[in-house]
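Residue numbers (the working numbering), protein chains in the order written: chain A, 32 to 392; chain B, 703 to 1363.
I should point out that these hints are in silico values taken from the structure, not numbers from a laboratory. There may be inaccurate statements among the hints.
[Said to hold, decoys possible] Okay, derived cross-link-like pairs now, BS3-like style, lysine-lysine, Cα gap no bigger than 27 Å in a straight line: (1) B/K740 / A/K257; (2) B/K808 / B/K844; (3) A/K257 / B/K750; (4) B/K863 / B/K999; (5) B/K863 / B/K1133; (6) B/K1097 / B/K1194; (7) B/K1133 / B/K1097; (8) B/K999 / A/K211; (9) B/K1097 / A/K171; (10) B/K1089 / B/K1133; (11) A/K68 / B/K1097; (12) A/K68 / B/K844; (13) B/K1097 / B/K1107; (14) B/K1107 / B/K1126; (15) B/K1089 / B/K1006; (16) B/K813 / A/K68; (17) B/K750 / B/K740; (18) B/K863 / B/K813; (19) B/K1089 / B/K1056; (20) B/K1133 / B/K1107; (21) B/K1056 / B/K1107.
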Amino acid sequence: MPRNVSFRDFDWVLVAFVLIICALGVIEIRSATMHTKFAGVHVKQMYWIVGGLGGMLLVSVLNYQMLLEQVHWMYIGAVASLVTVLLFGQKYLGARRWVKLPGGNHFQPSEWVKLILILAVAKYFADLQSRELSWSDFVKAGAIVGIPMLMVLAQPDLGTALTYLPIAIVGLFLGGIRWKQALIVVMLAGLAMPLAWHHMKDYQKQRLISFMAPDSDPRGAGYHVKQSEIAVGSGGLWGSSSGSQTHLAFLPEPHTDFIFAAFSEEHGFVGALAVLLLYFIVLMRLTQNAQTAPDRAGTFIVMGVVAVLAFHILVNIGMVVGFMPVTGIPLPLMSYGGSSVLFMFLALGMVMNVRMRRFVN
Amino acid sequence: MFGRDEKPSHIRLTAVQYIILAIFLFLAYGLWELQVSKSDYYAAAAEKNRIRNVPILAPRGKILDRYGRTIVDNYTSFTALLMRDSSRNLESDADLIAQGLHMNPKEVREKIRHFAALPQYQPIYLKEDITMDEEAFIEAHKNELPELDSIMGYRRLYPRKGFLAHLVGYVGEVSEDMLNQPQFELYNPGDVVGKSGVELEYNQLLMGTNGSRQVVVNSHGKEVGEALDEKPAVPGKPLKLTIDVDLQIAAEEAMEGKNGALVAMDPHSGEILAMVSRPTYDPNNFAFRIGRADWMKLVNDPDKPLLNKAIQAQLAPGSTFKIIMATAGWQEGIAQTLNVHCNGSAEFYGRNFKCWVAFEHRVHGDVDITKGIYQSCDVFFYTLAEKLGIGRMAKYATAFGIGQKTGIDLPDEATGVMPSEEWKLRNFRQKWFAGETISVGIGQGAITVTPVQLMRAIAAISVGGRMVVPHVVNPTNLPSGYIEVSRYTDVKNIPIDPNGWNVITDAMARVLLPEGTAPSAHIAGIDIAGKTGSAQVVSLATRAKHASDKDLAQNGWFVGFTPRRNPDIIVCALFEGGEHGKLAARFATQVIKAYVDKQRRQPTNVAKGPVKDGGVEVGALWTSRGEDGNEDKLNGGQYQVDLPKKPLESATAAPGMGGVN
């Protein structure tokens, strides 16, 4: 470790807030799984968090500029891992998303691909020499994110593929996209929508339909949305004493994708708002770190993390309150799951990495 | 140009912060909407999710015979079902489940797959009417197989082998059509209701009111914790029939293996004592669901096993109609003095009408009303018919209820036909031919009756003219107002001259004597009066040419009673394809004998001792002398007691009914 880099500059405030959110998640996982076959997974989640903290420290001491120099290798490695999943992945519920690791664990490579994409996009925009974005820059940046995104879509995993999009969007936005360009892209995307619909899997269409009209088939595809709304709504202001939606298993996936619904049922509007506030503080703290980054690449890295985290929160909590379709995107830091926890802590490690070098030069 | 270290625009970074703030306000608004604005609505929805009303099924009322002996009972039946708890892999549990429920694992898997598309909260019904060891298996594996459960219901336990099947009827799930009818509007889909016979006619009484339990259930429909509220079920009321099981046994035995019907009645009250229709069916097969193939077989059977022939078969009465003719002739002052010489045939309206003796190459010679009855001389009644004319014949026959429903308390009674000039004009727009009158005079031609109708007419004559209404349930045994008692008591009396009554019933008593048409049915020591009949399906001449064709065989009838005047019991037997009334007479007299034996406190022939193999046959009830030699002792009914102890061999048959061919 260079002499001028020190853990004094580690963002302990950020870590504290992150750990509060994680603790709430663990408590809720315990409560939601108490009477199911998943009982006890909260302990596993704690191991993941401890492991994540270790990973965070490890990532924070590597010089991110050094990492950026090697990012093209990592990018190739990321694409290769996605190819591996497509060819040899474990098929579960009709999609190949998981690679079996020795020791019985499963790993979802699409999670850590996010990390590499953040670095790759940061590197790309940091190296740009022009203040304004040319069309060829735009296409190249799009391709960096687009290639892995298409591969994840092919798994098929629409939800995770979508989480790559904000990395590109924030990159382009901060990289100096012109309003005219943005407008043209949005219009093209609008035109491509019917084509996308045509290529969607039936279950994906079903989810979108049930999102638009959840009452059309309350026991079928709209069931998740409906039960989640009931769980959140019955929580009221201070929380429901019986917590029946969660504990009688009406709420699907109460410890993973719908953990926020389970939390909202048990702790009400006050509790849910408190969690939102914690996330908001974390995000604001992160953007502050982006502003104080030592260089352009550092800002892009931190903002990439901000983009992914904010997007996850928007889509997950939006889904729980019925504003967004069911996509299977977990709530970072709270939802049970090793891949998700590890990604978040490694991403925070990169933020720390940038922060700890803010006074270098 | 700018360098590597030049930061992205501050304005854009701040913009990102505001976008994040907007996202959080948007999410907070969503939470506010659900948790504050509409929290009452969602709290109620959560309540509705977890609180479920579970019906407590009410057992149907028992059906008893006139002495309170059980004919139809219920038994509790368990159905195995699978709760589709997502935490279990049903496919991998299928082998163990199949083993415990004695099913084929393939069958279990198929059911799981077949119902995969159904909503999760609907359990899969694996096996109906499971046996006790299968129920024990479910109980014992509550932890290993939490998805396996059972629910209790009631099933009807009918007597075996179709005993009294047509009268009792059967139950089934209420159909869509029935629910649309006003009398069934209070029923719910899935309710079990009477579908035929007494089960249908007295359904309202027999059917109980289901109770309900408010329980907390989880998302898989499994009950959690104690019931919140409970409303007990009101069981259906027991129904006492007028049937005497002892006589019913005799009647069933008499008709075993034949086609036709047999009815026995108390001619003074109209109470039906026994009713048999053959062929029969086993209503236990209908107690829940009958396979389509089995059902179609029953429906398409040319012998019509589903028809209650006692009230639904409409056939020519043949010579039994001569009793009504004789009464009409006496009342009109013709029969007293009518003397006819029978030489095998006679000519009316230019056509030759044969007497049945002609086919035996004999003649009746001089015939008066007495000989006309006991020898069943056709020529005598041809002549009487010619003198009476169809108008007066129809008047008397109609008065005795021919061509009308008797009003018996069973569904779908048939009407029969009493032809007349108006009837022909109305139905065929044709004039009545005089020759038809001659055929109707011996119960042939267009005239048709049901066994119960014919029995009622002759019962009226046997008691001096009182027209009772046959019934299978005594209205005094019913809750007041359920049925109008006056329906059975306000009956008309048809005046019959006592001398004619004596002459006709005396003549009927000679039918079973050596000079009569059914001497073989005579039972020593019992004064039976009766009349045989054999109704042609085709004309006698055609019949003679095709003697071997079964479809053209004549139907044998017999209506008999004891004693000859003011009788205690009247029996009508119809033997389809029975050729001659004397065979029908033998069946009928067996029932009469059983009745008399019972009156005289003699053990009946039909069931003298305990049934072999430890099991007691359903309906095997009999009377016998007690130890002191004169006490009337009732045996039977033990089949209910035996049930729980007996191992149940097969789940498809009702308990106690398995393993019987």
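Hint-by-hint comparison with the structure:
1. The straight-line distance between the Cα atoms of B/K740 and A/K257 is roughly 14 Å, inside the 27 Å bound, and the hint therefore holds.
2. A distance of roughly 23 Å separates the Cα atoms of B/K808 and B/K844; the hinted pair therefore holds under the 27 Å criterion.
3. A threshold of 27 Å between alpha carbons decides the hint, and for A/K257 with B/K750 the separation of about 13 Å falls inside it, so the pair holds.
4. For the proposed pair B/K863 and B/K999, the alpha carbon gap of about 17 Å is at most 27 Å, so the pair holds.
5. At most 27 Å may separate the alpha-carbon atoms for a hinted pair to count; B/K863 and B/K1133 exceed this at roughly 49 Å.
6. Our distance criterion of 27 Å between C-alpha atoms is met by B/K1097 and B/K1194, whose separation comes to about 15 Å.
7. Distance restraint check for B/K1133 and B/K1097: the Cα-Cα separation of roughly 18 Å lies within the 27 Å cut-off, and the hinted pair is therefore satisfied.
8. Restraint check for B/K999 and A/K211: the C-alpha separation of about 79 Å exceeds 27 Å, so the hint is violated.
9. A hinted pair counts as satisfied when its Cα atoms are at most 27 Å apart, and B/K1097 with A/K171 does not qualify at roughly 109 Å.
10. For the suggested pair B/K1089 and B/K1133, the alpha carbons sit about 19 Å apart, so the restraint of at most 27 Å is met.
11. With a C-alpha separation of about 84 Å, the suggested pair A/K68 and B/K1097 falls outside the 27 Å cut-off, and the hint is violated.
12. Between A/K68 and B/K844 the alpha-carbon distance is near 15 Å, which keeps this suggested pair within the 27 Å criterion.
13. For the hint pairing B/K1097 with B/K1107, the CA-to-CA distance comes to about 16 Å; that is within 27 Å, so the pair holds.
14. Restraint check for B/K1107 and B/K1126: the C-alpha separation of about 19 Å stays at or below 27 Å, so the hint holds.
15. For the hint linking B/K1089 to B/K1006, the alpha-carbon distance of about 40 Å lies beyond 27 Å, and the restraint is violated.
16. The suggested pairing of B/K813 with A/K68 holds, with an alpha-carbon distance near 25 Å, which does not exceed 27 Å.
17. Under the criterion of a C-alpha separation no larger than 27 Å, the hint pairing B/K750 with B/K740 is consistent with the structure, at around 16 Å.
18. A hinted pair counts as satisfied when its Cα atoms are at most 27 Å apart, and B/K863 with B/K813 does not qualify at roughly 32 Å.
19. For the hint linking B/K1089 to B/K1056, the alpha-carbon distance of about 18 Å falls within 27 Å, and the restraint holds.
20. Proposed proximity of B/K1133 and B/K1107 is supported: the alpha carbons are some 26 Å apart, at most 27 Å.
21. A hinted pair counts as satisfied when its Cα atoms are at most 27 Å apart, and B/K1056 with B/K1107 does not qualify at roughly 32 Å.
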